[in-house]
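Colleague: Hints given; two lone chains; assemble the complex.
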Amino acid sequence: MSIFVNKNTRLLVQGITGKEGQFHTRQCVAYGTGVVAGVTPGKGGQKMDEIPVFNTVKEAVGKTGANCSMIFVPPSFAADAIMEAADAGIALIVVITEGIPVIDMMKVKNYIAGKSSRIIGPNCPGIITPGECKVGIMPGHIHKTGGPVGVVSRSGTLTYEVVHQLTQKGIGQTTCIGIGGDPVNGTNFIDCLDAFQKDKDTKGIVMVGEIGGTAEEEAAEFISKNVTKPVVGFIAGLTAPPGRRMGHAGAIISGKSGTAQGKITAMKKGGIHICDNLGVLGELCASVFDHA
Amino acid sequence: MKIHEYQAKELFRKYGVPVPSGGVAFNPEEAGKIAAALGGFPVVVKAQIHAGGRGKGGGVKIAGSLDEAKALAKKIIGMNLVTHQTGPEGRLVKKVLVEQGLNIQKELYLGIIPDRASAKIVIMASEAGGMDIEEVAENTPEKIIKIFVDPLAGIYPYHCRDAAFGLNLSGGAVKEFSAMLKNLYSLFVDCDCSLLEINPLVITAEGSVIALDAKINFDDNALFRHKDITGYRDTDEEDPLEVEASKFNLNYIKMDGNVGNMVNGAGLAMATMDIIKIAGAEPANFLDVGGGASAEMVENGFRIILGDKNVKGIFINIFGGILRCDVLAEGVVQAARKTGMNVPVVIRMEGTNVEAGRKILSESGLNLITAVDLQDAAQKVAQIVRI
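Heads up: the sequence lines are chains A and B, in that order.
So in my numbering, spot 119 of the first sequence is number 119, and the numbers just go up one at a time.
So in my numbering, spot 139 of the second sequence is number 139, and the numbers just go up one at a time.
I should point out that these hints are in silico values taken from the structure, not numbers from a laboratory.
If you're wondering where the values come from, they're calculated on a predicted model, not measured in any experiment.
Quick reminder that beta carbons are idealized off the backbone N, C-alpha and C, glycines included.
A couple of the hints might just be wrong.
As the list claims (entries may be wrong) - Per the computed footprint, the stretches of chain A lying under chain B, defined by three or more beta-carbons under 8 Å from a beta-carbon of chain B, are:
1) 137-146
2) 202-212
3) 269-276
4) 284-290
Said to hold, decoys possible - Distance condition first, Cα-Cα at most 27 Å in a straight line; then the derived DSSO-like pairs of lysine-lysine:
5) B:Lys215 to A:Lys256
6) B:Lys56 to A:Lys256
7) A:Lys115 to B:Lys120
8) B:Lys277 to B:Lys14
9) A:Lys203 to A:Lys144
10) A:Lys169 to B:Lys359
11) A:Lys169 to B:Lys380
12) B:Lys106 to B:Lys143
13) A:Lys107 to B:Lys2
14) B:Lys56 to A:Lys107
15) B:Lys277 to B:Lys94
16) B:Lys277 to B:Lys227
17) B:Lys2 to A:Lys256
18) A:Lys107 to B:Lys182
19) B:Lys106 to B:Lys146
20) B:Lys146 to A:Lys256
21) B:Lys215 to A:Lys107
22) A:Lys169 to B:Lys14
23) A:Lys107 to B:Lys14
One chain only, chain B, in its complex shape (with noise of 0.2 Å):
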């Protein structure tokens, strides 16, 4: 789950990690107060969206005074923001965070993550703070420095050393610089994080440590434990599919194309996607229904993925394992009953009780296109959607 940079301060607050003084706006009145009550200018306004890149979308501005605040407020509020991160149709804004501008005299970058191969959490660091991380790690690695933290150990002194000695830092900003990575570390674990970010923590002429960016990714699995958390989701960043996807715990992604499709497993979901395109056409979404799901499942799959008014026609794709063919094919007849099934569906079935499945579906009555594998079935849907 990602959430937005006012709130990810929010818990840097929480955790004792300096962060810039600001709030988070809905409208220029209330930007306009905020700056005011900052003391002092320039102010920042900072478009808050799920995405990176915001800076040079022109998402993110500096105010000199307060008319400037507001005016720059009432233009990014309601902006369409378009970042390299959201795809060419762009974001819509509906919240500003306005922050004292700072006396930067230095960036760096700070990053968190667990590292799946060796099982540890890894502290990324960099002196090449506010540029893009990824062009920094594919051209000049030498400038990330890499600490491993074990997680039953946890972190200790020497690490947060390392680090800041690794960023050159020195004076009164190392001490600074560690009391603050102990504690984003203590907020990583203690809230299931996947990924913290920050870029840039900068050093102020006057010597301070600060995070003047933040992004917090969590790790869905662990979310059942943090109830505080899943209050930060904002639904208005997510497709509205999805949303609905969600509530059903069906693990839906909407994509562009127009073959709908709904496969029980996740990397066989992936697979049919992938022979869709092979055979020429676009899959529309990814959905998986998951090992164990009912005829319920089936129905509510089916009426999101008609939802979406691309699909030109439906592939279904099921290995019977758990997932029963004949109980498939009971909630594919049920489903296509109810929602008065509008566009093409071909079927592919196999494993578990087939016969009993292919059965159901041929006495239906339905007009559903039965295929013998997955290469029949991929083609004939592409051949239904390509008319």
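This is chain A alone, in the form it adopts within the complex (with noise of 0.2 Å):
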């Protein structure tokens, strides 16, 4: 078992043949990825590779019965791509595009709210189920199939780490998410953490948060309330100075709010096993999953 990607998952590429698209379908496709489709207007009627290139959603999805994308065009072009999956009737959106302004996407979740897709990210790797499907730019080959373990992350390469330490520690994964660095993002801590406890085979989690909002203070609350299976949380930015954005759009202390601190405390209080140091993580997530 998994969430929200699995081998059935039929994936389509919104920016299939620009130099990124290419690259990242090829390595989805080479990880045993379900590609069926891509889309670039203007360019339907060719192929990437032996995949069929469409210049609609709509028409993709029409042809090829695609239920997820995957999201390259750049940031000016973003929300446009994203809706036009949405009203294509599309399961799962999964919008790698880093630099997306903010009011854009704000726009597109109001707009997404009463539909029945999912958005994941933008400014995010993507979602990996280890030996099944992979939907995003993270390095397959890191990654242990069979489980036991969720995890959900803010970062990027943070995530490749905090994965890594657990295959080196023997420790599989049933999926992992990032949900992105932006502000505003389709997919929160709260979603997946609901969706890995639902799931049977997922013994327990690793949840990875930065500086900025208070998404984690969230996610420390339903935890406490929602979450039976053991929790391990890391908190990027304790040293991060505030008012001064971190690189993510969406990692800047404001005022007393976001800060590395806040988010332990609050995290700690939900029962979460917080790792301090980000170089024993993995010796950690042993010792707390070791009976789950």
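Modeller: Take a look at the structure:
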């Protein structure tokens, strides 16, 4: 079992003919993901390797039955691409694009509220169910199949570090999700925690947060009430100066809100096993998940 | 991106938001000319820096005469202004805003920000104007009115009425305030602001509603569609090394420690700074070279880190995903040769093509210290700077 993506996922890539789109599509195919279509307006009828390219998402869905989209289009066209995918009935929309204006994402999120689509990202590495399906830019080989741990994170390479340490300790993953580093995102910690709690093969969860906003605090409260599986948490940015945007658009301490210490305190209160030192995260997980 | 108060007021005027008459001066003579043209005293002389708390720091003064206005401008321009937001080192003042004094009857607070969780634009208003709004929010949250606007539907008159009556305004002020709030909302959305704040917004004895202060920050992700606004950037307000880094699209933030560090990915970069601290040292910077960094970006990053004279050791932490370890290793070797690396460098690499990368480093003949994992690397670099 897994959450959101599996071996039945039929992937469509928006922006498949661009440099990034081509490279990562090939990586996903090599990993075993079922990539069924690509969309680049004006290039309909062409093929990227063996994958048919269409002008519109609607046409691609009609011809191939795609149910998941991975988006690589530039920031200025991203909102358009996401809403196009939602209107075409795509169930899961994974937005890799970094640098989408906040107001564009706010409009997208309100637009999508009445629809059945789920957005992951933007500004994220994507989602992977090891051994079954990779929808994103993460290196597949660092993952270990078979669970029992689910990983959810706001970061990219920091997630790879966490997954690498788990794999080194012989701990496999059910599904790993990067929810993205932007202030407004489609899927949040709580959505993923809820799904992991309901997934019978996931026995424990690793949650990786960072400074900015209050998503970790809200997640901690959700965990204390709804999650019975053990959760290990890590927060990046203890040394980050206030008022500065630390690379990710969402990683900024505003006044007294969004600090790493505030998040850690809330998470401890929510019963989460906090990892104080990233260097020993694997060891902590091994001891916490040993009996899970 | 941040801008100055006088620039924010230019935008306010453009959007029909009332502000006091006045202008910006770079020397006492200009300040005098502006003061004289205002046609009456008192006038207010306000230091223009990208930090709040200017009044308490002595950067905002009232002048009762032309001579006093000039004298105050002379004193403020060139002063090192220390506020709770500048840090103890303060900020050099290079210009002042000279404005007409107002007959203030009431001070209000008004702010507009995006709300992350609800994805709505939130208007915050309070009768506790002129105070530190974060303190008000913490101690007396009931004094702040919050109004959520769906960005798809936009602002409607009832949003403005909710705010106006919530602030206990009456008579003509309700209408004036509502018109102003609608214009501010348009400015916020049109210009992709990430924060718009007026503290205080004043009601004068004559019953007019006027923005006495103005603060606007912009969403960096949206600057590509606002060439006019990028013209407001003032690099004098930024650290020179950060300005240099921004030319190469490098995400660099200068800090006070002595361990320089270069990392791919923002989250991992923050975690690397944290682990340096845990190992007993202090990070000199934040530097994210990004997921798709080239050898050239690595070289520029190196040069910028070495531009900070406090740096006594460098920690390179790369998790190769898209950025392959062999490409990174080539970049580091090239950069080290070109820049004449004069401080010890500890490298920790993991991920795609890690073996090839380690081979390149070990065969380079350079004095690069390799580490087996994160913990090992942090301890090694902390050990180096301790000596």
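Colleague: Which numbered hints does this structure break?
Modeller: Structure breaks hints 3, 4, 8, 14, 15, 16 and 22.
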